[in-house]
Each structure stands twice: as structure tokens, then as C-alpha cells.
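Peer 1: Here is how the chains run, residue by residue.
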Amino acid sequence: MSYMDALYGVACRLTRNPTEAEDLVQDALVKAMRARDQFQAGTNLKAWLFRILTNTFINKYRRGGLERSVLEGPDADPLADGWVSASTMRQLRDPETMALMPIVEGEVRRALDQLPAEFRLAVVLADVEEFSYEEIADIMGCPIGTVMSRLHRGRKLLQKSLYSHALALGIVKGEDVVGQPAPTAAKATDLGAYRAKKRGAA
Amino acid sequence: MTAAGCRDYTHLLGAFSDGELEPEKQLEVESHVECCEGCRERVQLDEALRQSLKHTVKQAAPEALRARMAAAMRGELERGNAREDQRKKGGTAWRTIVPLATAAAFALAWGAMSRGPIAKSTAGDSVHAGLGDDLLADLVAEHSRPLPPERTDPQGVKDLGQYVGVPVRPSNLADRRANVHFVGGRVLPVHQERAAMLQYTVVQGSETRRVSVFIFDPRRIQVNDGDLTPHAVGTAQVRVGHSNGYSVAVMQNDGVGYALASDMDEDDTVEMAVASGAQ
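Heads up: the sequence lines are chains A and B, in that order.
The numbers in the first sequence follow our numbering, run straight up by one, and end at 208.
The numbers in the second sequence follow our numbering, run straight up by one, and end at 262.
Watch out, some of these pointers could steer you wrong.
Rough simulated footprint, nothing fancy, chain B against chain A, three-plus residues with beta-carbon under 8 Å [stated by the list, open to error]: (1) 18 to 31; (2) 47 to 60; (3) 91 to 104; (4) 114 to 121; (5) 130 to 137; (6) 158 to 164.
To give a feel for the contact side, a few chain B residues facing chain A, derived at Cβ under 8 Å [stated by the list, open to error]: (7) Glu3; (8) Glu24; (9) Ala44; (10) Leu48; (11) Met52; (12) Glu59.
No lab work stands behind these hints: they were computed from the structure.
Small disclaimer: the values here were computed from a predicted structure and weren't measured.
Here a beta-carbon is modelled for each residue, glycine too, at the ideal position from N, C-alpha and C.
Based on the provided sequences and hints, a complete structural model is requested.
Peer 2: Here you go:
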């Protein structure tokens, strides 16, 4: 994949609009060409181009910067680190492709596009473009700790959203998203039933 | 593993998968993940999400965008060219770059037009100065009087990698360009180490030119390329120059060292170097 493909793919997810993505890539690359004296040979060209793309996006579409949406986004309601049971998580995956179940995967783009921009960008830079945390911090202009928390929350929000989708499609059985898996979660796929049983025993 | 144990680790699992934890912490989390089914599933779900994200996000830039960019780059280059001409009279390397700018691969064009090194190379004569490096001169000598190839089949040539310590991929060049033909490859002793030497012929008009690509482990074999002119190409740097009448180019990519000696001109040699290192 050339850098242009990589830039375009990320621009599509940033703008959520193919036409705007083309404009964004073009603006960024023209800026890069004009600023090419500032690029230090031997340093990471790809990261440099993505930093220009990110800054161009912020200047063009998000004058307030990436931070603003944190306040209005789902970050205000931090997701518990816990997740559904091991067997439910397993049902979301396709063992053959090592990816998500195809029917769940079809939903990934929509789920991604619903994330606040700074989570979306962090996740895409790490998981798709495989930048290191340090490079992402440089590209997004934030500390590494912020990168880590954006990545963590972004991935969890995506998984939560995809889990809801799978639930709606009946791929997985209903189970509360809880702070921690139930002690016997390895066996009890249905936490509700487990609790009912426990209540009955008490 | 108890729930309390998981609580200590869940927030680290992402950084663990990304290989971003301190080595000690990485091992600690790994040993927890090995014995905790829940955390193992979390890691695998993260990985599944990563794979699916790749499928979703990766897409080729539309041809229209490539065309627009090529035009925009030509415009920028001409503007740069005009500035450059005003600053100093005389020829510049720009005219050799413009055809590259039309190439679809942005990285290639970018590398060739990175201004700093090029501006330096416009001094002209300095590029052709002697390289003063034995190893490079040795490689050029191997190119000018090549030993016959030991292997000609692609798999056999790939197997040379085990003697060299880095992957040897012979097909890249010939696959990319119809006028490039792969002749064969061999292992070459270089200063008590080994390199692979791949030989190609390139048909340019009525002429047939030869290119030797030397592939080596850059930790074992250091090529003194200080006298060569750097071209940033992608994240890699190609250094290019002349030695003993041949063009030479040196680059590293993904921990593999490449040195080229060829009968072609510098620009073509750079292009071949980039194609050699590209996967």
C-alpha cells in the first residue's frame, strides 16, 4: 500500500465522507510538499505525513481541536473495563479468519464512525496503520498516556457497540455488560440465568 | 486467576497486545493471560477487532485523486523549479524528477523531490567523486566481472536467505517491470561475511543493461555510503552515486541492506533500489 492509500483510508474515517477525504488528502499532501524543507531526511516520513493530515483535518473541520468531543462524547460515561463472559467474546470471533464474525465485521465501519474523532483516529493509527504509541502521540499532539487511554476507551467502545449489534442479531445470548466476569463465567454464558439461580439458592 | 487479579491487568491488555509495555510488565501480563481464560479472550477479541478494522479501513485511493495529486505535484515542482532557477543559475536535477512525479506511487516521487539532498547534488561534480570505500568498490568489481549464478529458480534463490541471514526475494523487480529479467543469484563472500548477489538484465531501448543487487544483513556488513547522495524514498533512504563508471545505490528496508551496482543511470538505479526493497 502506498502512503496515499493509507492517508486516504484514514481520511475517509476521519471525515466519514469519501469526497471530503479526497480533499483532505490533497490539502495535506500539498502542504507537505510546500513544507518539505521541514522534513528531516531519515526521520519517519509516514508519521510526518499523518501529522500533517491530522492538523489539516483539525484546522479545516474541527477548529476547536480534537479535544472538544471528549466532553460531549461517551467518554463522560467511562466504560467499565470488564466485559462479557469468555464464551460470549468467543462467539464474536471467527476462528478461521482471526477477525470478527463476518456479520459483526460488517458493522465495524458504522461503529467506528460513531466514535468521537480522537478515539477513532487513535484506534485507526494503532490498529490499521500500526504506528507506535510514541508516533501516535506525535501525530495527534498529545502525551503517550492520553494515547493509551484513547486507545483503550476507543477499542472498548467499539467492542461494546459491536456486542450490542451481535445481541440484536441474536448471535450472542443476552448478558449484562458487567464490571467483572462472574466467578463461574467460564460455564455460565447467561449471567441473568446465573443470577436467578443464585437468588433461588439463597 | 481471581477476579482481583484481572482487575489489575485488564487496563494493560491493550498495551500488552501492542507490545508497548516495559519488558518486565509485558512478561507479567503474559503469564497472567496464559492462565486466565477471560483475559485471553479479551486479548483475542482485541486482535479480532484489529483484523476487522484493517479490512474496513484500508482502501485504495481513487484514481481521480492520484491524477489530481500528480498534477498538483507537477505544479509545485515547477514553482519550486522557478524559485530554484532564480536562486542559482544553471541546471538542476528537477527535470529528471518531473517524470517521477507523474508516477502513481507518491512515496517514490516524494523521495526523489525531497529538496535538501537534491539541492546538494546539483553541485554535480561532487556526486561523481571517488567513493573511497573498499566494500562498495568490491561490490562494483563483482558487478563488472560477475561470477555465474548458482541458482536460477525463484525458490532456490529464496533459499539463499539462510546463508545470508536476511530474506532474499528475487521476484520483486522482475514482477514489477516487463523489461526487467532475472538472471540468477548466488552467495558472495564479503569481508568474512556473506551477501546474496542477484543479477538482472534491463532492456532499455536497444540496449541491454545489467544490474546487480547485493542483499545483506546491515548489522554484519556496513557499507560506508557517506560519499553518496541521500534520497529520502518513503521511510527509507537511498544513497546514490557513481563508482568506477557504474551507478551505485545503497539502502536499508525492514532490517535488510541492499546495495546496487548497475550500468544504468542514477535515477534508474534509485528506482531499482526502491523496487528491490519494496515488498
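Peer 1: Flag every earlier hint the structure violates by its number, smallest first.
Peer 2: Violated hints: none; all satisfied.
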